[in-house]
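The listed protein sequences correspond, in order, to chains A and B.
With my numbering applied, the first sequence corresponds to residues 40 to 301, in that order.
With my numbering applied, the second sequence corresponds to residues 1014 to 1404, in that order.
Honestly, the hints are just simulated from the structure, not real lab data.
Small disclaimer: the values here were computed from a predicted structure and weren't measured.
Cβ atoms here follow ideal geometry from the backbone N, Cα and C, with glycine treated the same way.
One or more of the hints may lead you astray.
To be verified - Between beta-carbon pairs, the in silico distance windows are:
| hint | chain 1 | residue 1 | chain 2 | residue 2 | range |
| --- | --- | --- | --- | --- | --- |
| 1 | A | D230 | B | G1261 | 52 to 62 angstroms |
| 2 | A | G145 | B | T1236 | 42 to 52 angstroms |
| 3 | A | R234 | B | V1057 | 34 to 44 angstroms |
| 4 | A | T105 | B | T1054 | 37 to 47 angstroms |
| 5 | B | M1118 | A | R52 | 37 to 47 angstroms |
| 6 | B | R1336 | A | G145 | 27 to 37 angstroms |
| 7 | A | D199 | B | A1377 | 26 to 36 angstroms |
| 8 | B | R1373 | A | T105 | 32 to 42 angstroms |
| 9 | B | L1142 | A | E148 | 48 to 58 angstroms |
| 10 | B | S1023 | A | S226 | 27 to 37 angstroms |
| 11 | B | S1023 | A | D230 | 22 to 32 angstroms |
| 12 | B | W1053 | A | S237 | 34 to 44 angstroms |
Said to hold, decoys possible - What the simulated footprint calls covered on chain B by chain A, stretch by stretch (three residues with Cβ under 8 angstroms from a Cβ of chain A suffice, anywhere in the stretch; the number is not a length):
| hint | region |
| --- | --- |
| 13 | 1031-1037 |
| 14 | 1183-1193 |
| 15 | 1197-1211 |
| 16 | 1300-1306 |
Below are the chains, spelled out letter by letter.
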Amino acid sequence: MTFRESFEVTGERALLLPYMMCGLPDPAGTVELFSAMADAGADGFEVGIPYADPLMDGPVIQEAGTRSLASGMTLRRGLEITALIREATNLPCAVMTYVNPILTMGVAEFAHAAGGAGAGAAIIADLPVDESEPFAAALENEGVGLVQFAAPTTTDARLDRVVERADPFVYGIAEMGVTGERDGSSSRAADLAARVRSRSAVPLVLGVGISGPESAAAAGRLADGVIVGTALVRRVLDAADRATACEAVASLVGDLAEAMRS
Amino acid sequence: MSVVDRPDASGRFGDFGGRFAPETLMPALEELEGAFEAAWTDPVYQEELAGLLSDFVGRPTPLYEASRLSDVLGVRLLLKREDLAHTGAHKINNTVGQALLAHRMGKPRVIAETGAGQHGVATATACALFGLECEVFMGTVDISRQALNVERMLMLGATVTPVTSGAGTLKDAVSAALRDWVATVETTHYIIGSVVGPHPFPWIVRQLQRVIGDETLDQLGDTKPDVVVACVGGGSNSMGMFYPFATGTADLVGIEAGGYGLDSGRHGASLVAGSPGVLHGARTYMLQDGEGQVLEAHSISAGLDYPGVGPEHAQFKEEGLARYDSVTDAEALDAMDLLSRTEGIIPALEPSHALAWVWREREALADKTVVLCLSGRGDKDVDQVAVVRSQ
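Chain A with its partners taken away, still in its complex shape (with noise of 0.2 angstroms):
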């Protein structure tokens, strides 16, 4: 399944795309983890592949980027494991990432590789449309769409550019803040979502600080795909084996697919 395909396929109701930083619980049990939220109802992820130094991310992710990376992975290996959960899950992934290991990389080189991965989208937190280009260019040759973000600050000119250049989705982000649990639901969202939708039919996902089954079902009403984060995250830094970290993150997003589908 393509992003493209998915977001026809389930038509009003918005996808259910659990982020997960790969090298969790461990580097050989990140397939299990996510083949065990496709089958809780997951219906696409966000892969994350760790940053030292990630400024768009809160302490949980900030926490799990740290024990990746102390287990040796890398941007390669994270797109390797990302080939991996496609071959187990077929679901769309978008591979999330910063700026400086991509340009370590070589961007023709990661474009190369995450298309060869299956990859249908790059997120890439630190990179804003006024840069994007070059990126968006060599990705788009190896098939892979470049998502562009949409902040409750975004200007109208600068949600112009957003819009027409964002592949295959539009990444709202729902909360001021960085990447993060937060009680309730987003006081945010509903006029960013109104804003993306009087420019464009680009499908829009809407992610940071949705954490629980209430705050992503009332996600799911405004937008074409939810993601969740922290919360799943934290769930695997406290689980004391692979199976619990299953069972847990299984468990919420079970939760989370039936209220967005109720």
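Fit chain B to the supplied structure of chain A, relying on the hints for placement.
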């Protein structure tokens, strides 16, 4: 494009700089760029800033002929006395200018990062002056080695927030400040402490620090220095000194933290021993491994303990406008003693690095005129030096 026109519209200094920041911050960076452009060309802002620099900061700072040390070195050494600026370092030039800007922009809250604590103190000072709420992020390692400055910030009414991530030093403090800003950008101005970060910060901080070099040129009159030397962490005192000299004939030399020595891998010498990459929103030289993961820096000097450097320095290096070298922790400590005992001036550990280079190169520099930016005074370092000496 000539050096004086930089940066370009995309915030580039040649191939370096730019704006690699989360989208949430981008509108604020655009707003800040416009606000600074407007302020910088507004005679009212310039007049207010000039008044503050003169009456509050105590500028111009002297250009001091260090005669006794010159005799020891066999080099004519002139010290630009930024240690005599209010709060004891050049950092106040930037924070007064940016607090005035935040005040104009109507932002009630200010955040800052600090390593040695000098920028934190200077920010807390400027915020007290303008009645702005102030929160300073500081690594836990730096909090313990710069305890005096922590107390000063608290006395000035600032909140000091400990940062435990990473190595608990300056890089982690910058990252923590940026993360706070992603959440609070609508009401908060980030006073970054050096010529680093996404555009327009490297440009703003350089413009506010170039007063160092501009004054020095005035004070030199007809004297043409052979060498202008300054320490480089993020690079604000050095870029402030170098920029007005960039089109002249003096040899510009930036001195980075060599830590335990470049071969040890434990240093802060991004330009001398690093490679290009993207750190804290700008493409620049940085310390990184073969996978593009940022490495921890090391320096005895908290202000130089940073794995990146301002993008304009990267371009100065690339174009040969300046050259860069490093000295070790041990050399810096010796230079601190040398200046203290020959001139009665206790320098901070940061500019002690530049002094150490002059000492090491004194034969090559014989009979030349050297201008050194004495970026700060050493009171903050006395406790730490005593601890190091007792080990």
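Inset, instruction - Check each numbered hint against the structure and report the violated ones by number, ascending. - result: Hint 7 is the one this structure does not satisfy, whereas the remaining hints hold.
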